[in-house]
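Protein chains: 2
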Amino acid sequence: MARKGLVPPLGKEGKLKPLLLQGAELKAEQEKAKTLKKVPMTSRETSDLIMLGIGAFTPLDGFMTYDDWKGVCDKYLMADGQFWPIPITLSADKALADSIGANEEVALVDPSNKDEIMGTMKVTEKYTIDKEHECKCVFWTNDVEGHPGVANVMAQKEINLAGPVKVLSESFYPTQFGEIYQRPAEARKMFEDKGWQRVAALQLRNPMHRSHEFLAKIAVEVSDGLYIHQLVGKLKPGDIPADVRVKAIDVLVENYFVKDTVIQGGYPAEMRYAGPREALLHATFRQNYGCSHLIVGRDHAGVGDYYGPFDAQKIFDEIPEDALQLRPLKIDWTFHCFKCGGMASLKTCPHGKEDRLLLSGTMVRKTLSEGGELPAEFSRPEVVKVLQAYYGGLEEKVEIKLHGAATGDVKK
Amino acid sequence: MARKGLVPPLGKEGKLKPLLLQGAELKAEQEKAKTLKKVPMTSRETSDLIMLGIGAFTPLDGFMTYDDWKGVCDKYLMADGQFWPIPITLSADKALADSIGANEEVALVDPSNKDEIMGTMKVTEKYTIDKEHECKCVFWTNDVEGHPGVANVMAQKEINLAGPVKVLSESFYPTQFGEIYQRPAEARKMFEDKGWQRVAALQLRNPMHRSHEFLAKIAVEVSDGLYIHQLVGKLKPGDIPADVRVKAIDVLVENYFVKDTVIQGGYPAEMRYAGPREALLHATFRQNYGCSHLIVGRDHAGVGDYYGPFDAQKIFDEIPEDALQLRPLKIDWTFHCFKCGGMASLKTCPHGKEDRLLLSGTMVRKTLSEGGELPAEFSRPEVVKVLQAYYGGLEEKVEIKLHGAATGDVKK
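Chain order of the listed sequences is R and B.
So the first sequence is residues 1 to 412, counted in my numbering.
So the second sequence is residues 413 to 824, counted in my numbering.
A hint or two may mislead.
The list that follows gives simulated cross-link-like pairs (lysine-lysine, DSSO-like), each with its CA atoms no further than 27 angstroms apart [claimed, not checked]: (1) B/K548 to B/K646; (2) B/K449 to B/K569; (3) B/K487 to R/K4; (4) B/K416 to R/K12.
Distance windows between CB atoms, simulated [stated by the list, open to error]: (5) R/K353 to B/E604: 29 to 35 angstroms; (6) R/M190 to B/G426: 39 to 45 angstroms; (7) B/E604 to R/G361: 38 to 44 angstroms.
Think of the hints as simulated: they come from the structure by calculation, not from any bench.
Cβ atoms here follow ideal geometry from the backbone N, Cα and C, with glycine treated the same way.
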């Protein structure tokens with residue numbers, strides 16, 4: 001009765017399409033790339049390229065053409081009819097773009113990491129876009145001052161370059177994150193080895209307090225296993241570095257979850273803060289990772305007040321019916337309620353604000369940085385210890401190694 | 413992306429097929445029935461007839477033929493290829509059966525209720541069955557001493573009568589249970605009025621303690637609404653009467669659930685204690701009621717040790733893929749865990765027995781009948797009050813009206 005096996009990757013072929021070269025092919029392409037014109041990438045473009053490399057963006061074969069860009073903005077559809085929720089594009093300044101001939105191959109480099117050659121691209125198309133149109137479609141706003149995703153798009157160079165890519169490097173991710181850094185094929189293998197078919201993904205970019213544990217446990221109850229899938233790409237200043245989060249999640253899983261019901265992994269993308277559209281992107285690449293469900297809570301991938309708290313849930317009802325096999329697991333706002341005598345959500349707790357334990361992010365950070373305790377109803381003591389050590393800088397072992405992350409700035 | 417509307421009823425036509433006559437047609441059939449040969453029914457047969465009457469057993473049109481019986485026993489399939497999990501048959505003693513001619517119409521009467529004429533049937537087939545084969549298939553045992561379902565089948569009369577029925581009465585259910593007694597069309601209307609599409613059913617034949625509340629709330633989190641659907645047919649001696657359970661559920665829902673997320677209803681069937689096969693029957697008629705999910709917990713519809721605790725979950729993976737659109741919501745054994753600091757299941761709590769609050773049924777009954785309190789982690793105080801009143805006979809308002817139920821016997 002149930003589907004046998006994991007959900008298939010996106011696309012007509014139904015199999016992963018990693019664009020990362022291996023072995024001799026990689027060596028040859030690396031040699032060739034040294035001779036090519038260099039196109040510098042932003043950190044978002046770099047992380048998108050790595051997502052293409054590992055097959056997380058299957059079935060894309062490179063950066064999008066104008067028709068793909070337009071179709072994705074306007075109706076979630078690539079030119080060939082494939083569903084895709086957010087433009088994956090590469091831009092270059094006009095002088096550089098003008099110097100590139102038709103079908104010329106270029107080297108894609110990461111200027112934040114000594115111009116490492118990350119990949120090559122055959123430039124099949126050069127085009128300009130209406131950036132404000134993209135922002136309106138993707139971010140629902142043109143507020144360049146307030147919205148970091150809009151600011152990024154508006155800061156893109158004048159010309160978009162499209163074409164198929166070959167990926168040559170995964171940057172620092174494999175060495176820095178070790179086992180936590182997982183490619184879709186590896187995640188699928190782990191799920192299959194555990195006999196999982198229904199796998200729920202928990203998108204995470206913050207430490208797990210009890211409200212996240214509660215979301216996660218609802219997912220465990222109704223599926224075969226949970227994939228706690230952290231963003232380990234670039235963060236906002238003040239966000240907690242990935243290795244601290246990993247450690248905090250490790251102690252939580254070890255002490256409060258049943259063995260073999262949870263796998264923790266990381267993926268190399270960065271946040272766009274596109275709220276509903278980004279929830280769809282999170283769902284899209286989670287299906288490629290083999291997840292049948294994505295937990296979508298309150299204000300998923302949001303920033304500021306640009307989206308309603310449940311817009312990221314509603315958008316799943318607006319995309320074409322056959323767009324995704326992954327289904328959203330929509331959960332309301334969660335908290336501890338003293339009258340309920342446990343964790344609850346707005347959907348299951350009928351009591352008042354005064355019965356609920358609600359702490360602001362500012363208060364949590366202040367308490368932790370002063371070495372104070374958080375209530376056991378808010379956070380597990382084992383998790384608090386890890387966070388206190390980070391905030392207080394008390395524990396030498398918690399090294400802040402995350403590439404480019406500010407370590408001292410704990411303000412929002 | 414999601415299905416629009418409620419799940420359809422079973423059967424090719426996709427619509428409810430209630431066999432209960434109304435108005436002039438009913439009057440005429442009642443008059444005619446008085447002239448027909450009387451076939452007495454057991455309480456199980458009577459409640460099955462009412463389930464046919466209200467459309468809960470759509471698309472059946474009466475009691476099963478030999479080919480239906482055989483196909484359902486052996487492979488869950490009626491002669492016409494329709495999925496069905498448990499034989500719905502009527503038996504008569506040989507002398508009576510012999511006296512009935514081919515295609516003769518008979519009156520079906522309820523001897524436990526002054527021979528009320530419950531329906532008529534055109535007898536299209538008379539046949540004998542291998543009762544032990546039915547028991548082996550349906551109950552997985554032939555233990556006539558220990559298994560109440562087996563005892564019932566083995567006590568059936570020699571000859572099965574098959575044919576289409578017309579239903580003339582719903583017995584005492586509408587008057588005794590009022591709004592709680594709901595026909596599938598009424599339940600569907602209520603769900604639609606609330607805008608529900610994903611409706612989870614909680615099968616219940618006992619009062620709701622916190623472990624049931626927890627199951628129910630997981631279901632609420634992942635669906636549009638919960639249908640607490642109680643069996644109000646015949647019980648085992650010692651079971652708590654339906655009106656007490658209804659009251660205990662009312663106070664629970666009122667105090668611990670969000671308004672408009674729960675509907676409480678009752679259905680007129682009785683337990684067969686067929687464990688896994690009965691879980692499928694519960695799923696089958698719940699789809700007719702409009703439910704997209706059925707919560708299947710530990711030892712669903714079981715008795716004694718005849719079934720493994722999760723056999724009723726596993727069987728959903730063994731029936732044909734297209735048998736049901738309703739899906740089981742499989743949940744492990746639930747309890748309060750002091751280390752988790754809340755309700756949990758064996759799937760989400762990694763702690764030991766000593767951390768969990770586990771009370772035996774005997775201890776719960778003893779405490780309640782002595783007017784004692786149950787721990788708040790086991791049962792809500794409002795629910796305890798209702799049960800104390802019933803057990804202690806302290807509250808005049810709790811009238812024990814349930815048809816045929818023993819009121820004094822609280823042993824298992």
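Report task. Against the structure, test the hints numbered earlier, and report the numbers of the ones violated in rising order. Result -> none
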